[in-house]
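Could you put the whole structure together from the sequences, leaning on the hints where they help?
Protein chains: 2
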Amino acid sequence: MSLLKKTIDGITPVDVSLFSKAQAHLNNLTKPLSSLGRLEEFARRYVAITGNLQPVLRKKTIFTFAGDHGVADEGVSAFPKEVTAQMVLNFLRGGAGINVLARHSGAEVVVVDIGVAHDFGDAPGLAHRKVVRGTANIRKGPAMTRDEAVRCLETGITLAKEYATEGAIFGTGEMGIANTTPSAAIITALTGSSPVDMTGRGTGIDDNALANKITVIEDAIRVNRPDIKDPVDVLAKLGGAEIGGIAGLILGAASSRIPVVVDGFISTAGAVIASELAPCVKDYIFASHLSVEKGHTAMLNRLEARPFLDLDLRLGEGTGAAMGIWLVEAGVKIYNEMATFSDAGVSEKNA
Amino acid sequence: MSLLKKTIDGITPVDVSLFSKAQAHLNNLTKPLSSLGRLEEFARRYVAITGNLQPVLRKKTIFTFAGDHGVADEGVSAFPKEVTAQMVLNFLRGGAGINVLARHSGAEVVVVDIGVAHDFGDAPGLAHRKVVRGTANIRKGPAMTRDEAVRCLETGITLAKEYATEGAIFGTGEMGIANTTPSAAIITALTGSSPVDMTGRGTGIDDNALANKITVIEDAIRVNRPDIKDPVDVLAKLGGAEIGGIAGLILGAASSRIPVVVDGFISTAGAVIASELAPCVKDYIFASHLSVEKGHTAMLNRLEARPFLDLDLRLGEGTGAAMGIWLVEAGVKIYNEMATFSDAGVSEKNA
Numbered sequence: 001m002s003l004l005k006k007t008i009d010g011i012t013p014v015d016v017s018l019f020s021k022a023q024a025h026l027n028n029l030t031k032p033l034s035s036l037g038r039l040e041e042f043a044r045r046y047v048a049i050t051g052n053l054q055p056v057l058r059k060k061t062i063f064t065f066a067g068d069h070g071v072a073d074e075g076v077s078a079f080p081k082e083v084t085a086q087m088v089l090n091f092l093r094g095g096a097g098i099n100v101l102a103r104h105s106g107a108e109v110v111v112v113d114i115g116v117a118h119d120f121g122d123a124p125g126l127a128h129r130k131v132v133r134g135t136a137n138i139r140k141g142p143a144m145t146r147d148e149a150v151r152c153l154e155t156g157i158t159l160a161k162e163y164a165t166e167g168a169i170f171g172t173g174e175m176g177i178a179n180t181t182p183s184a185a186i187i188t189a190l191t192g193s194s195p196v197d198m199t200g201r202g203t204g205i206d207d208n209a210l211a212n213k214i215t216v217i218e219d220a221i222r223v224n225r226p227d228i229k230d231p232v233d234v235l236a237k238l239g240g241a242e243i244g245g246i247a248g249l250i251l252g253a254a255s256s257r258i259p260v261v262v263d264g265f266i267s268t269a270g271a272v273i274a275s276e277l278a279p280c281v282k283d284y285i286f287a288s289h290l291s292v293e294k295g296h297t298a299m300l301n302r303l304e305a306r307p308f309l310d311l312d313l314r315l316g317e318g319t320g321a322a323m324g325i326w327l328v329e330a331g332v333k334i335y336n337e338m339a340t341f342s343d344a345g346v347s348e349k350n351a
Numbered sequence: 001m002s003l004l005k006k007t008i009d010g011i012t013p014v015d016v017s018l019f020s021k022a023q024a025h026l027n028n029l030t031k032p033l034s035s036l037g038r039l040e041e042f043a044r045r046y047v048a049i050t051g052n053l054q055p056v057l058r059k060k061t062i063f064t065f066a067g068d069h070g071v072a073d074e075g076v077s078a079f080p081k082e083v084t085a086q087m088v089l090n091f092l093r094g095g096a097g098i099n100v101l102a103r104h105s106g107a108e109v110v111v112v113d114i115g116v117a118h119d120f121g122d123a124p125g126l127a128h129r130k131v132v133r134g135t136a137n138i139r140k141g142p143a144m145t146r147d148e149a150v151r152c153l154e155t156g157i158t159l160a161k162e163y164a165t166e167g168a169i170f171g172t173g174e175m176g177i178a179n180t181t182p183s184a185a186i187i188t189a190l191t192g193s194s195p196v197d198m199t200g201r202g203t204g205i206d207d208n209a210l211a212n213k214i215t216v217i218e219d220a221i222r223v224n225r226p227d228i229k230d231p232v233d234v235l236a237k238l239g240g241a242e243i244g245g246i247a248g249l250i251l252g253a254a255s256s257r258i259p260v261v262v263d264g265f266i267s268t269a270g271a272v273i274a275s276e277l278a279p280c281v282k283d284y285i286f287a288s289h290l291s292v293e294k295g296h297t298a299m300l301n302r303l304e305a306r307p308f309l310d311l312d313l314r315l316g317e318g319t320g321a322a323m324g325i326w327l328v329e330a331g332v333k334i335y336n337e338m339a340t341f342s343d344a345g346v347s348e349k350n351a
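If you're matching them up, the sequences are chains A and Z in order. Anchor point for the first sequence: position 48 equals 48 in the working numbering, and the numbering is continuous, going up by one each time. Anchor point for the second sequence: position 76 equals 76 in the working numbering, and the numbering is continuous, going up by one each time.
Please note that the accuracy of each hint is not assured.
[What the hints assert, rightly or not] Example chain A residues on the side facing chain Z (calculated, C-beta under 8 angstroms, incomplete):
1. MET87
2. ALA136
3. ALA164
4. GLY345
FYI, nobody ran anything at the bench for these hints, they're computed from the structure. Computed from a prediction, not measured in an experiment: that's the story for all the values here. Ideal Cβ positions, reconstructed from N, Cα and C, are used throughout, including at glycine.
Have a look at this one:
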């Protein structure tokens, strides 16, 4: 059995009986019932995901997957495609947004070359997992072969297994010039929506470039005819290596009962692919923020996820996930560190 | 000249020319223009507030003001009034929600007895600044004398001055059983709204208690006839000691060019009093979160503030401010720590 199949088969729903057990503990803490709102939800879900009523959160890791996209040749991005490789080097030197925010939240960043069209040599600190040297142009044919798509998924799964440890929590991130185009194409195809409603300005394109981007996405779906019942086909034909890596990471995390905090538009496209392959992964996902990018709400609806940060972000890299991980940790600390009414000698609610 | 008058006179609008200077620096960082959304806004505002294009954020302090309320006798809260003092002791022992979240965000908590109806002796760690031993019942007459209200404001101002240092950022918080009632009364009076639209369930009261709470607020406004052109009169007649302390802290912070992150419903009532006294304080305020409490949006509108966390919180103490301070700090770190395009050798946007 393939690693992908075995991983999917190993994903089970969380034990919902733990929600009420966790809430019973939260209700003993010195605060009005449920007054910490979503922080309490994070704690309940963390307990149910990890299966531990004494939850441990010890190691925060953001995986930033990088890949190039043939469709960049269609003028869908405001930036030249060499920026993907340049930003990977920036990540390794610690100068990018994700580095700053991951340091701020106490998370490690693992930078993964899963599909950059550049030879990094032995660049220290880089996770060398190249599956493709950039994808092909989806306007003209499939981004990848089916085999390559599976290898991207399995690369993510393998990383999740390598970093799986007690108290681990993962965040997703990505870098890839033009990668809002495959992401919008995926959600357009899966939902049968108009690409007009799913396509945004990415790094900041003007009206003409936006109109062109929409046409490119229409063409990509028409040319490739993805089978929406077959998520691997959708990923291979419309996707990108980093989207596959993120989907795989989420599958691997869920199979190891590790919570995953998902970043913005492109990361959520990966999460959607994962949830099409294994619907139960939704139980393991925390959607960190609502992106400015237009199709993000449709993706989040498909995941039945409600984001908790609204900061008008549209950078990616894992920046929203870095802050999101810190907020999930806040919920776990509330659960673990607050005094109970009886310990603190505080009177409870009037009968 | 009184400390209050002198402080109000010393508050000036921020230098708006610094917004564009700060944004020019942000635009050189390795990310698409404005792609970090509100984090960039936080950085711009922090620069303008402190007047420093090399912003320093070194010392985070949450001030949790505690006070009791005579109106608790009207059955407006789900908890007995002795909980105010019990929670103060819980704060001092580090077991409350604010302690957990302040530790998580690297902030110090200063617990201030400004109006608790309890003798704490020399309780170590407590800032002993008692102005009143609980307020009087606003359903029957004014909460405080005008002189007491001024002393509450000046207590907050004095604390702000004591903790003013380069790189300081403040957060506001409070504890006081029944204090959503004076807060709702203040915003009802100032906006001329119906108390039905401004009154929520506080710590979790049922429908009957909510109907009673609304009647109590109607009575308080009718009996006291506050002069809404005179914010000190509104504070004295409808307010509470901790609301006055928070208003004073904000005035003192603004006069010292220190940013203040405001917590939820009660803290925002304090911020509204401060902004009625000195409209420029709005420039110095970051509204951290949108409370579940019903009248909060009306208060935020009056401050022209847009909150950035939506976590269904309704605890108070400064819990939302603790997380909000960490997010403002994230914006400052982005400004200070990210590489520029030229430093990182990253290509800029296509022409």
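Taking the hints in turn, this is what the structure says about them:
no. : hint   : in the structure
1   : MET87  : holds (6 angstroms)
2   : ALA136 : violated (22 angstroms)
3   : ALA164 : violated (25 angstroms)
4   : GLY345 : holds (6 angstroms)
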